[in-house]
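This is what each chain is made of:
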Amino acid sequence: MTVLDRPAVSAPGPSAPRRGTGLLLRWWRRLTAMRTAIVLLFLLALAAVPGSLLPQRSLSQNKVNGYFTDHPKLAPVLDRFYLFDVFSSPWFAAIYLLLFISLIGCVLPRAMEHFRALRAAPPPAPRNLLRLPDSGTLVTPLAGPAALDVVEEELRVRKFRVVRRDGELSAEKGYLKETGNLLFHLSLVALLLGLAGGKLWGYEGSILVTEGQGFCNSFQQYDTYASGPLVKSSDLTPLCVDLKNFRAKYEQNLTAASFTADITYGAPGAAGRPTTIGVNEPLRVDGDRVYVTGHGYSPTFSVTSPDGTTYDDLSVPFLPTNQQTMASEGALKLPDIGTAGNDQLALEGFFAPTGVIQNKILTSIDPRPLDPQVAIFIYQGYLGLDSGVPQSVYSLDQKQIQRGQLNKVAAANLKVGESTTLPDGTRVAFTGYKEFASLQLSHDPGQLWVLGAAVSLLLGLLGMLLLRRERVFARVAADPGGGGTVLTLASLTRGSGESAPRFAALTDDLDDALADRAPALPTGGQTP
Amino acid sequence: MTPDSMSALSDHLFSVTVALYSLAVVAFCAQLAFGRRPARTPELVGAGAPAARPDEAPEEDSRGRRWGIVAMGLTVLGALTQAGVLLFRGLATDRLPWGNMYEFATATVLIAVVVYVIFAVRVPALRHLGLFVLAPVVLALVLIGLFLYADAGPLVAALRSYWLAIHVTTAIIGFGIFFVSGIASIMYLVRSRYEARLADGAPAESGIVAKLPPTAALDRVAHRTAVFGFPIWTFAVIAGAIWAEAAWGRFWGWDPKETWAFIAWVVYAAYLHARTTAGWRGRPAAWVNVVGLVVMIFNLLFVNMVSTGLHSYAGVS
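Protein chains in written order, with numbering that gives the first Met the number 0: chain D, 0 to 527; chain X, 0 to 316.
One chain only, chain D, in its complex shape (with noise of 0.2 angstroms):
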């Protein structure tokens, strides 16, 4: 319905800023057009592809590392385009907020609208009704206004909102259908601040706890965290929570039937409550929650140096490889064991929590610690965790061991209980095991707005899909074949089902009623 080519300008045409502002007025027309919401729509869908094809950073930012590796070429191209990071990525955050203006411009003159419709009286009747898709004539006895009145009544007794008008009448219900569709489409305004919200205010922090430890909420604890930019470190709840015990439970068949962890909780320095939560039953305090994510085992050792002194209770979390089994792999490094700055002493290696040696390699069969076995490499030397560069927790720098800085002194295969010696008289020995649990504890304030908005969203979307919206029309003509009234018909509906049966049954219900006031016709029509 735009025009597209202007006129010539030539002869004093409309002013700059005038025309500016038609440029705007007709960008603004067609952005709110319902076919531009289509393509948006569609460009969403779109662009959410790529974010369930490719790694994302905020899923798994060891799969977007590999995703590198694998395509060293196509990597940086893609990252340049935010393939990595889609659903904060700037033309993700363009095409819905285009969306959401979109929506808007749409819905707010509509939303007026309705709010003039609410208050102001049914329509007048179409000049010929007859031509309205449902519509019909009943003849009755009655004079035209009694017809009326008869047609009023039964239309009111059906909730319909009715206004009189010389001859005529005009009727109409559903107005919740519209409210319904503005509902709907306010509600997803509203889930997106919420969403927003939650993103700015937000923060979420995890780490591994072994039984008998505990953590709290700040940041420099947390093994991993991401933060909104408008949270500060001061905000963050005053919490503490200790791990006591951790179970997992399993099926005969292995399945994991539940992993649950007694904690205790509180402010710093506060007795804590103890509870206990698991996989679907986090704790929720004070607006913050706190899960459990996962779990692992830490094996502990004890080294005696050559010279009698002993180092027990060694242990360090080993990330499970295989979820099934629990085979798990990690790293115990002891900078302060060692007689000199040179001999420092680190173990790296393979925990199967139920252990079986096929062909002297270690696996683990059941992710129970029936037989907890290790198999480990160990070194002496330098581990250079003081060169400043960071290093992994669960492994060894392996430029350390390549620069021959490290080296492999030992390996073996150990039972609880059992130990080997190095070659300088240490004795390492595999002593047993704790559980560890991942524990995450996350801040979200925007939770409950969004929750509310799609709560919303859904009553709106029920009423918009399920109500209908109806206007009934009826004039009333003296019969010219009689002394009667011809009374006709006609309704408009909007929204799903068939209106014809429905507009069937009215004419029907209409006519019974006017029956039944025929006979009073004597004692009651005579008035006017």
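Since the hints were made in silico from the structure, they are not lab data.
The reader is advised that the hints may include incorrect statements.
[To be verified] Cβ-Cβ distance ranges computed for the label pairs, FRET-style:
1) D:Thr136 with X:Arg280: 28 to 34 angstroms
2) D:Gln397 with X:His11: 37 to 43 angstroms
3) D:Arg272 with X:Leu142: 50 to 56 angstroms
4) X:Leu309 with D:Gln397: 28 to 34 angstroms
5) D:Leu45 with X:Ala32: 29 to 35 angstroms
6) D:Val454 with X:Val25: 21 to 27 angstroms
7) D:Gln401 with X:Leu138: 54 to 60 angstroms
These figures come from a predicted structure and were not determined experimentally.
Ideal Cβ positions, reconstructed from N, Cα and C, are used throughout, including at glycine.
With the hints as your guide, set chain X onto chain D.
Coordinates of chain X only, in the frame set by chain D:
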């Protein structure tokens, strides 16, 4: 009965279901073959033609009708045995029978059949659609049996929540309804091309296309089912988000399944808008609906089996 014999019974019922649906397909074919040939004078041509209600069934001779009744009977019987598949799975494992992809897909197909049966009972003209719903259903069940089968077993810890009943059940119902809607739109596309050819003066054909319900009826089925399915799907997504908040620590994290559920939601929203927008009505809108179905199926197969995400509960080894 022991759990083992119940799960064996469930497996047998699966085969019986496939057999019954296959017979129903044969009977639907017979109905189309023996049913009355369409009038040679194409009644739909011309502007004044649609005086008769467009979705009224073309009259059928008694042979065609008999085959139609047989086909519907077999379909209903098949739906009952298919419900039995799930029932005995549930009894064998003492949990809701949609804990892995085999069970989920079987339940989805059942919902599609039930939705079709409801429509066929209410709108007789749509019984002709049977072949086109049941044939994909048989194909889907065979593929499910071959590739998705998983032994009856307990659920992993994360699935042990009452949200399984809420989220997965509504997802299955929504998917089943969208399945019927998508089929109706595919039929619409086929039929509307035929009607366009008729309007161009091509002679009426006697093939299957001529026996499809008219476009208006197909469009109405597609739209009504989508209107019915959309709030259910919306609810399934919201319920999933609520569950995810308890199970995974966030209500939305763009996990592949979540992403594709979102894509499907957006596509169906586009379909509902398209159907009432000038320039999109008719065939374009029907295409959008077909894209919606493709997205749903992709979400079921690809996301569960190929990509790795939190929703990887397929249990397919």
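Hint by hint, here is what the structure shows:
Between Thr136 (chain D) and Arg280 (chain X) the beta carbon distance is about 32 angstroms. The supplied range of 28 to 34 angstroms therefore holds. Here the CB-CB span from Gln397 (chain D) to His11 (chain X) is close to 56 angstroms, at odds with the stated 37 to 43 angstroms. Range check, Arg272 (chain D) to Leu142 (chain X): Cβ separation about 52 angstroms, and the 50 to 56 angstroms hint holds. About 31 angstroms separates the C-beta atoms of Leu309 (chain X) and Gln397 (chain D), a value consistent with the hinted range of 28 to 34 angstroms.
For Leu45 (chain D) and Ala32 (chain X), the Cβ-Cβ distance of about 43 angstroms falls outside the hinted range of 29 to 35 angstroms, so the restraint is violated. For Val454 (chain D) and Val25 (chain X), the hinted distance range of 21 to 27 angstroms is not satisfied, since their beta carbons lie about 48 angstroms from each other. The given range of 54 to 60 angstroms is respected by Gln401 (chain D) and Leu138 (chain X), whose C-beta atoms sit roughly 57 angstroms from each other.
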